[in-house]
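Please work from the sequences and hints to get the whole structure.
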Amino acid sequence: MERVILHVDMDAYFASVEEKSNPFLKDKPVIVSGDPDTRTTVATANYMAREYGIKSGMPLKQALRLCPRAEIVVGNSAKYMSTTSRLLEIFREFTPWVECYSIDEAFLDITGTMGLFGGAMETARGIKERVRTELGLTCSVGVAPNKLLAKLASDRVKPDGLTVIKREDVPELLRNLPVEKLWGIGEKLAVKLNSIGIRTCRDLAEYPEEKLTAIFGIQGHILHCMGSGEYSSEVKLFCHEQEYKSMGHSYTLFRDTSDPLLVQSTLYRLCEQVGRRLRRDAYRGRTVTLIVRFSDFRTLVRQKSMQSHTDDGDTIYRVALSIMETFRVKKRVRLVGVSVSGLIRGQQYPPMFENDRKRKDLLSATDRINDKFGEFTVSPGLVLMEKVLARERSSCHGFILKKGVVK
Amino acid sequence: MMEDILEEVEVGAVFVRDRIKPGWFIWKNRKYSVEKVSYAWHDNSGEELICYFSVVAGANLYELSFYTKKLKWMLERIYVEG
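Sequence lines, in order, name chains A and B.
Okay, so the first sequence: first residue is 1 according to the working numbering, each after it adds one.
Okay, so the second sequence: first residue is 1001 according to the working numbering, each after it adds one.
Hints are supplied without guarantee of correctness; some may be wrong.
What the hints assert, rightly or not - The calculated lysine-lysine pairs, modelled on DSSO-like cross-linking and capped at a C-alpha distance of 27 Å, are: (1) A:K372 x B:K1072; (2) A:K166 x A:K236; (3) B:K1036 x A:K128; (4) A:K28 x A:K188; (5) B:K1072 x A:K330; (6) B:K1070 x A:K372; (7) B:K1036 x A:K28; (8) B:K1070 x A:K26; (9) A:K211 x A:K188.
Claimed, not checked - Some, not all, of what chain B presents toward chain A, calculated at C-beta under 7 Å: (10) Y1039; (11) H1042; (12) S1045; (13) E1047; (14) C1051; (15) S1054.
To be verified - Some chain A residues well away from chain B (every beta-carbon gap over 10 Å; in silico): (16) G34; (17) K128; (18) E168; (19) W183.
Hints listed in this document are in silico derivations from the structure and should not be mistaken for laboratory results.
Ideal Cβ placement from N, Cα and C applies to all residues, glycine included.
In structure tokens form, the structure reads like this:
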């Protein structure tokens, strides 16, 4: 039996949630972004704002030049994640096979359950109706035999679309479709494909598979199949545990800076966040990668491996700092990032030395406090320094407790 | 745009099955009747669940929050046009 996959894509998601939250935004161009007093970009714009040429990822200042009367809403990730949870609950009432692909997209395998709802189209309509009545939001749905085609289908009619791609329509549909329209083929890969004469999906399907494999490795086989609309990846259940290869965080500074203390305190906070994530998922890593982007957008990426694995933010920071000390920093710094790879998972032997045991106990205690009262309720002083130096408007955290120490 | 308020307020709310519906709130000694709850969502701060509500009262939009452990209501923000 051929599979039936739905791809549900929320329309202008963050902007739609904000419009629903605030009726006074109705019939206005709306931009969701970071704090407008800082260097920030457009996260999402509603369809009215898009008519002015505003796109996601555009600097906010540029967007406001295109549409000065646009309403700026500072994005609220908790609100969107909470809404996504409700969306997933709705989807799971139609099928247990739901893959949350991103905060505003999901794949549903309805092969085994669509009969309960009157078929594929009725299931898709039912989902759209539930999302509309319960959340006041619209979504575009693609119905197809696999994830690749379902994603292609949902993109064809937006907003509030419902598009079906049947197996028999695929050759005609893909004949002249540019390869970059396919999910997974980005700008760089498209350029590479174009350079060997592959412009359309038909070109991709007709290109000898062995040549593709010689150029792209194992990906060559996948690309060859994609050219014919074939895609073997199944809908992954939400509960399937993901194995991580690395964990990292990066941060664009409030302003470009040559202040080493601001850079170091930001780096320390990022290392602490990475350490928290590692400990939460019982990982430890051995290789630290430091990313520094300068004001001229030149980016340095360097890594260093340790002798043993760690999940301690402070250790990660010390390694990252030792890498940074090898840089000749002449320009101001725009972004810092750190990641840890070479991950292993599982129980750790108890530390041999007393200082290491004390450190482990301290981390365990601070983790429990932060789990109970919220992130950075207890944090090292250097993390606080970042807030003070950057004069961010976000809430300030103290050395010991969240409130009342330093404002 | 939204303006931060972050003040504790008194709220009258009804609990309907698994939903909370604010009906009125008192802020700066003035009572505001909630005409519409336009959106509701939740977040966690550590173990505490916080329920948020965007509510329309009069010609304004307010954001209320209910701290489910502390049993405390806050007026988080108010929408100011322009």
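Verification of the supplied hints:
| no. | hint | in the structure |
| --- | --- | --- |
| 1 | A:K372 x B:K1072 | holds, 18 Å |
| 2 | A:K166 x A:K236 | holds, 22 Å |
| 3 | B:K1036 x A:K128 | holds, 24 Å |
| 4 | A:K28 x A:K188 | violated, 36 Å |
| 5 | B:K1072 x A:K330 | violated, 51 Å |
| 6 | B:K1070 x A:K372 | holds, 13 Å |
| 7 | B:K1036 x A:K28 | holds, 20 Å |
| 8 | B:K1070 x A:K26 | violated, 35 Å |
| 9 | A:K211 x A:K188 | holds, 19 Å |
| 10 | Y1039 | holds, 4 Å |
| 11 | H1042 | holds, 5 Å |
| 12 | S1045 | holds, 4 Å |
| 13 | E1047 | holds, 5 Å |
| 14 | C1051 | violated, 10 Å |
| 15 | S1054 | holds, 4 Å |
| 16 | G34 | holds, 14 Å |
| 17 | K128 | holds, 19 Å |
| 18 | E168 | holds, 43 Å |
| 19 | W183 | holds, 29 Å |
Violated hints for the displayed structure, listed by number in ascending order: 4, 5, 8 and 14.
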